[in-house]
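Please build the complete structure, drawing on both the sequences and the hints.
Chains W, A and S, in that order, are what the protein sequence lines are.
Per our numbering, the first sequence starts with residue 5, numbered consecutively.
Per our numbering, the second sequence starts with residue 292, numbered consecutively.
Per our numbering, the third sequence starts with residue -9, numbered consecutively.
By construction, these hints were calculated from the structure, which means they are not laboratory data.
Some clues are possibly wrong.
[Stated by the list, open to error] Some but not every residue of chain W turned toward chain A, in silico, with C-beta under 8 Å:
#, residue
1, TRP51
2, GLY78
3, LEU97
[As the list claims (entries may be wrong)] Label pairs and their calculated CB-CB ranges:
#, chain 1, residue 1, chain 2, residue 2, range
4, S, TRP132, A, LYS437, 22 to 32 Å
5, W, GLY90, A, TRP554, 43 to 53 Å
6, S, ALA83, A, PRO546, 51 to 61 Å
7, A, SER313, S, ARG75, 48 to 58 Å
8, A, LEU574, S, PRO69, 46 to 56 Å
9, S, LEU47, A, TYR581, 52 to 62 Å
10, A, PRO620, S, ALA91, 50 to 60 Å
[What the hints assert, rightly or not] Now the stretches of chain A that chain W is said to cover, found in silico as 3 or more residues with beta-carbon under 8 Å:
#, stretch
11, 349 to 357
12, 407 to 415
Think of the CB as a built atom: it goes at the ideal place given N, C-alpha and C, for glycine as much as any other residue.
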Amino acid sequence: MTPIQMTFSTMFLLGLMGLTFHRTHLLSALLCLESMMLSLFLATSLWALQLSTINIATVPMLLLAFSACEASSGLALLVATARTHGSDHMQNLNLLQC
Amino acid sequence: MNPYLLIVLLTSLGLGTALTLSSTHWLLAWLGLEVGTLAILPLMAQPHHPRATEAATKYFIVQATAAATLLFAAINNAWLQGHWDIQHMSHPLFTSMITLALLLKLGLAPMHTWMPEVIQGVSLNTGLIVSTWQKIAPFILLLQIKQIHPPLLTIIGLASILIGGWGGLNQTQLRKILAYSSIAHLGWMVLILQHSTALATFALLIYIFMTSATFITLKKCKATTINMLTTTWTKAPTITLVAPLMLLSLGGLPPLSGFAPKWFILQELTQQNFIPHASIAALAALLSLYYYLRLSYSITLSLSPNNLPECLQWRVNYPISTPLSSALPAALALTLFLLPLTPSALTLII
Amino acid sequence: MSYLVCVLLFGLMVGSVGVASNPSPYFAAMGLVMVSGVGCGVLICFGGSFLPLVFFLIYLGGMMVVFAFSAALSAEPYPYGWGNRSVKMYVAAYVLGVGCAWKVLLGKWSGFWGGILDESGELLVLRGDMMGVAAMHDVGGWMLVLGGLGLLLTLFVVLELVRGVSRGGLRTV
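Structural data, given as structure tokens:
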């Protein structure tokens, strides 16, 4: 493991843990998702830069496009949830539990 | 929903799964999974109801997390081994991680808790898509990874069968029961995955037929709780006759086609000397059988606790032919009568 | 060079801990801004030119605006930053975890920085990643179409999700 790999792995796992342990805001969860995607973007672009495989440089672009898709749908869901549940608190999302 | 938009969304669902199935590169597989997840969100949130929105939100978060984890494991594998191929994935840690991400997408036992809630929140049509079509892409990816740590799949498979049976016991909501039934069936597939991919595919196929038939039937009866099933005989008498058979096929009883995958899987496990696993799986399937029997009991053998005129439909022109219900005879036939044809079906898959 | 990269990598992790430690969304967005800025620096240090630009612009220009709007939607009277007690505990736990992980893996690094292998050399204006991204328009045409399709689909998805009187952000008064 190179330090670069270690860094983006740490970033990703931090984001994942934040997403998993968050219980207050839906928006914080979405931000954690975003930071996970960000670390993946860093990882792919550093892979492309370090190996100097120039065709791989398209991968981070596509990744960024689709993570933007993901973020925007997440925010749309946030708006919809804020409208139906009153706020974006995660503890309000309890209509469906057993 | 606007029909044009519906067409766009359904086409994108197809596109997503097709992309994932035709990819050899993890990035394209990930893109396909993302497209599939995005396309189903409006379908899930379609009824303007807090429950639907909540289900869509939960589904989105879970699927996005799983997809991101999958890509993370893939890129780590690329850093260590220098390639992105799905089939040559071999680093043990990241193979396990990718497997877990796919199992989270499928909703298997330790990661299953989103599944009943999401299915409960969406309409029956969307529930049908979520529990059949959306399972295909992650499952095919799972089939393509070769070197999965064997105990991982065994433990998760057995746990899913157990929890799928156990969780459904206390439910009165039909969609939750179906979600648990889906967990249990996927547990069977994952259990056999490392021994025979053909059998796992076959089990997935039969599972898709049976689950489609069940969801369409429930849609036709407009039933979402067990109580509502007791007026089936006034709504659709034929279904009253066939639905218990269908449910028993889901439970895996012999003359019906749901028996075939369980039979082959148990046989394969026994032949490979995994007799304890086979016994646990077979015994845990009894738990599922209990709630299928309860459903068939309330469809066929019990009357609704109303007086008789109340059971009848208020309107006579009950909308019989929705697009989905025209698929019901085919799905029911496949659910009930496929057992004699299974050897040839299996050779087709192999 | 190595020293600079070291500092930047440290900054990346500080930013991530800032996002992950569950402060109010305002502050988490700050953390994300920090990660994207520092990440841009890391990519520049490794010889990229176009990708860091995209990284910086997309995040600070695009995403952050949207996230700021959404943060306004879920405004709360008393936002809690990293000084808050529960957040402080999260920060401490994460820092401890990250420190331990780095300590354990410190001796096992195979190869150090990897170095820059860009064959164009450092003096050229045209870098590898620029050509790579340009290649998306040429040999990777279908991937480009796919990306566009995904974005279009997202447009429909978002419009459908927040359409109508019962779910949109704005209410008719």
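Consistency of the hints with the structure:
1. For W/TRP51, the suggested interface contact is upheld, since its CB lies about 6 Å from the closest CB of chain A, less than 8 Å.
2. About 6 Å separates the beta-carbon of W/GLY78 from the nearest beta-carbon of chain A, less than 8 Å, and the hint is met.
3. With its C-beta approaching chain A no nearer than about 5 Å, W/LEU97 sits inside the 8 Å limit, and its interface hint holds.
4. For the pair S/TRP132 and A/LYS437, the supplied restraint of 22 to 32 Å holds, since their beta-carbon distance comes to about 28 Å.
5. A hinted range of 43 to 53 Å holds for the C-beta pair W/GLY90 and A/TRP554, which are about 51 Å apart.
6. Separated by about 57 Å at the C-beta atoms, S/ALA83 and A/PRO546 satisfy the suggested range of 51 to 61 Å.
7. Distance hint check for A/SER313 and S/ARG75: the Cβ-Cβ separation is about 52 Å, which falls inside the suggested range of 48 to 58 Å.
8. A beta carbon spacing of about 53 Å between A/LEU574 and S/PRO69 agrees with the range 46 to 56 Å that was offered as a hint.
9. For S/LEU47 and A/TYR581, the hinted distance range of 52 to 62 Å is satisfied, since their beta carbons lie about 59 Å from each other.
10. Distance hint for A/PRO620 and S/ALA91: a CB-CB separation of about 58 Å, consistent with the stated range 50 to 60 Å.
11. Residues of the stretch 349 to 357 of chain A with a Cβ under 8 Å from some Cβ of chain W number 5, which satisfies the need for three, so the listed coverage holds.
12. With a threshold of 8 Å between beta carbons, the proposed coverage of the stretch 407 to 415 of chain A by chain W holds, since 5 of its residues qualify and at least three are required.
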